[in-house]
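**Q** Whole structure, please, built from the sequences with the hints as guidance.
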Amino acid sequence: MPSVVDILQILGETVRAVLPIASVLIVFQLFVLRGTLPNAKRLLLGFTFVLAGLVLFLMGLELAVFPVGKTMAAQLTAPEFLGADAEGSLAAAAPWTFVWVYAFAFAIGFSTTIAEPALIAVALKAEQLSAGAINAWGLRIAVALGVAIGVSLGAFRIVIGVPLHYFIMGGYVVVVVQTLFAPKLIVPLAYDSGGVTTSTVTVPLVAALGLGLAESLPGRSPLIDGFGLIAFASLFPIITVMAYAQASEWRAVRNRSRSARSGTERNG
Amino acid sequence: MREEDPTATVTWLRSLLRLVSESTRDLAPIVLVIALFQLIVLRQPFPDLGTALVGLALVLLGLALFVRGLDLGLFPLGESMAHAFARKGSLGWLLAFSFALGAGTTVAEPALMAIAKEASEAAAQAGAIVDTDAAREHYALGLRLTVALAVGVGIVVGVWRILSGWPIHLMIAGGYLFVVILTAFAPEEIIGIAYDSGGITTSTITVPLVTALGVGLASSVEGRNPVSDGFGLIAFASLTPMIFVMLYGMLI
Numbered sequence: 001m002p003s004v005v006d007i008l009q010i011l012g013e014t015v016r017a018v019l020p021i022a023s024v025l026i027v028f029q030l031f032v033l034r035g036t037l038p039n040a041k042r043l044l045l046g047f048t049f050v051l052a053g054l055v056l057f058l059m060g061l062e063l064a065v066f067p068v069g070k071t072m073a074a075q076l077t078a079p080e081f082l083g084a085d086a087e088g089s090l091a092a093a094a095p096w097t098f099v100w101v102y103a104f105a106f107a108i109g110f111s112t113t114i115a116e117p118a119l120i121a122v123a124l125k126a127e128q129l130s131a132g133a134i135n136a137w138g139l140r141i142a143v144a145l146g147v148a149i150g151v152s153l154g155a156f157r158i159v160i161g162v163p164l165h166y167f168i169m170g171g172y173v174v175v176v177v178q179t180l181f182a183p184k185l186i187v188p189l190a191y192d193s194g195g196v197t198t199s200t201v202t203v204p205l206v207a208a209l210g211l212g213l214a215e216s217l218p219g220r221s222p223l224i225d226g227f228g229l230i231a232f233a234s235l236f237p238i239i240t241v242m243a244y245a246q247a248s249e250w251r252a253v254r255n256r257s258r259s260a261r262s263g264t265e266r267n268g
Numbered sequence: 269m270r271e272e273d274p275t276a277t278v279t280w281l282r283s284l285l286r287l288v289s290e291s292t293r294d295l296a297p298i299v300l301v302i303a304l305f306q307l308i309v310l311r312q313p314f315p316d317l318g319t320a321l322v323g324l325a326l327v328l329l330g331l332a333l334f335v336r337g338l339d340l341g342l343f344p345l346g347e348s349m350a351h352a353f354a355r356k357g358s359l360g361w362l363l364a365f366s367f368a369l370g371a372g373t374t375v376a377e378p379a380l381m382a383i384a385k386e387a388s389e390a391a392a393q394a395g396a397i398v399d400t401d402a403a404r405e406h407y408a409l410g411l412r413l414t415v416a417l418a419v420g421v422g423i424v425v426g427v428w429r430i431l432s433g434w435p436i437h438l439m440i441a442g443g444y445l446f447v448v449i450l451t452a453f454a455p456e457e458i459i460g461i462a463y464d465s466g467g468i469t470t471s472t473i474t475v476p477l478v479t480a481l482g483v484g485l486a487s488s489v490e491g492r493n494p495v496s497d498g499f500g501l502i503a504f505a506s507l508t509p510m511i512f513v514m515l516y517g518m519l520i
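In the order they appear, the protein sequences are chains A and B. According to the working numbering, the first sequence is numbered sequentially starting from 1. According to the working numbering, the second sequence is numbered sequentially starting from 269.
Simulated from the structure, these hints should not be mistaken for laboratory data. For each residue, glycine too, the CB sits at the ideal point set by N, CA and C. Check the hints yourself; a few may be wrong.
What the hints assert, rightly or not - Now the in silico label distances, taken between C-beta atoms and shown as ranges:
hint, chain 1, residue 1, chain 2, residue 2, range
1, B, G357, A, V253, 35 to 45 Å
2, A, L19, B, L431, 25 to 35 Å
3, A, G161, B, W280, 47 to 57 Å
4, A, G12, B, G360, 29 to 39 Å
5, B, L317, A, L180, 46 to 56 Å
**A** Rendered as structure tokens:
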């Protein structure tokens, strides 16, 4: 159970993270814009909700998800679980020994992204603005799939030890090519989804997985090879969101031509 | 007024209930994944089930409150400030505000502090800096300030793009190209940290606020579409830290 000290600590951390934003907003509102805010009471209530929500959310994660997730990441990457030989050496292990690690990386990447508050915020806004043309739930699933693919591929990279930048550069090439073909409306949103995905929920769990993996592999430094998973998790959503947009566009075009065809048949 | 209160409370309760049920749907995958791996793959009994359930209830309530608060507070605030800046017509103040918003929110970001600390240990291990507490703290602080500066510049560039209407894909592709070129020259131990720092910087409160700023600007500038022009600020804020951190690694 959380003690009062724990709760105060999380509250303090959240307030400290919010304080600079609040002061920037207040300073500019009072001294530069010199205006009063409309609905000041409502805004204050909303800010309180956001703060309280975030504190409860983080507290709950700290209690329910982080300890279990981190223990599991450690257990899945422990040499004993991976079937190391008597000396506990993994030197001769083939990349497919780690198949459960990749599966876990995929699953945890997907599920944490679905629950990511920042992504929920952006998806809601996108649906609202596009008058439903962009579906919030579809967008979130596309982003979550991207993070899932990214994290499992990142785990695979740590195992095989190929330099990070080859993968990232390859990903950039895919993004640039996709940009040429994707519907123009989705491009900025897709680019945004890379940075949005990795905050409160995903980062601690993914970082624990990378660190555990790099620790149990011989010749990998946790400090150097443990980094880079976040980079994968921010790159692949860009790809999947553009792919999702393209797929929806194709489906819309096909449906339109099909209904047009059936329309002519009925008329003829 | 008095007679309306009960219905208002019922509506309010109903909307909160809907939000909680939506949060349940959002969290179901995490619960499923952990239960599945715990019981089937690792075959371990669930540790501390009671605590985990309490935690889960807190997460549900927290998520529901957060989403409700966004609509009440953060979104309207960001958008009304964007409109006010557009009305005022002062480019200098708008860009100063964008920079302050980006840099100010990043300096205090907890995830960045954690990563900067780990990065300073990596650098000390690789021999890039002297392995003393003072040197490591200095390095970590330098890294945080670098990332904060980068996010500030990123938001400014993004806001400038919304105003000028420059094509985002050319700017981002150009940025990527620069990242690729810098990678060839940057010291190896900084590359992973630099790539990661792009994703970490934008926190849960910054994202909605920055999104509202972009969308508000795009809807108050003539000839801009809120969807295709309003988004994209986060993209710049995730790109510039990669460039700046690699430059930092080369200079140190």
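**Q** Please check whether B:G357 and A:V253 have a Cβ separation lying inside 35 to 45 Å.
**A** holds (42 Å)
**Q** Given the hint of 47 to 57 Å, check if A:G161 and B:W280 actually sit that far apart at their C-beta atoms.
**A** holds (55 Å)
**Q** Do A:L19 and B:L431 keep their Cβ atoms within the hinted range of 25 to 35 Å?
**A** holds (29 Å)
**Q** Does 29 to 39 Å hold as the CB distance between A:G12 and B:G360, or does it fail?
**A** At 35 Å between Cβs, range holds.
**Q** Can the suggested window of 46 to 56 Å be confirmed for the beta-carbon pair B:L317 and A:L180?
**A** holds (51 Å)
This entry satisfies every hint, going by the numbered hints stated previously.
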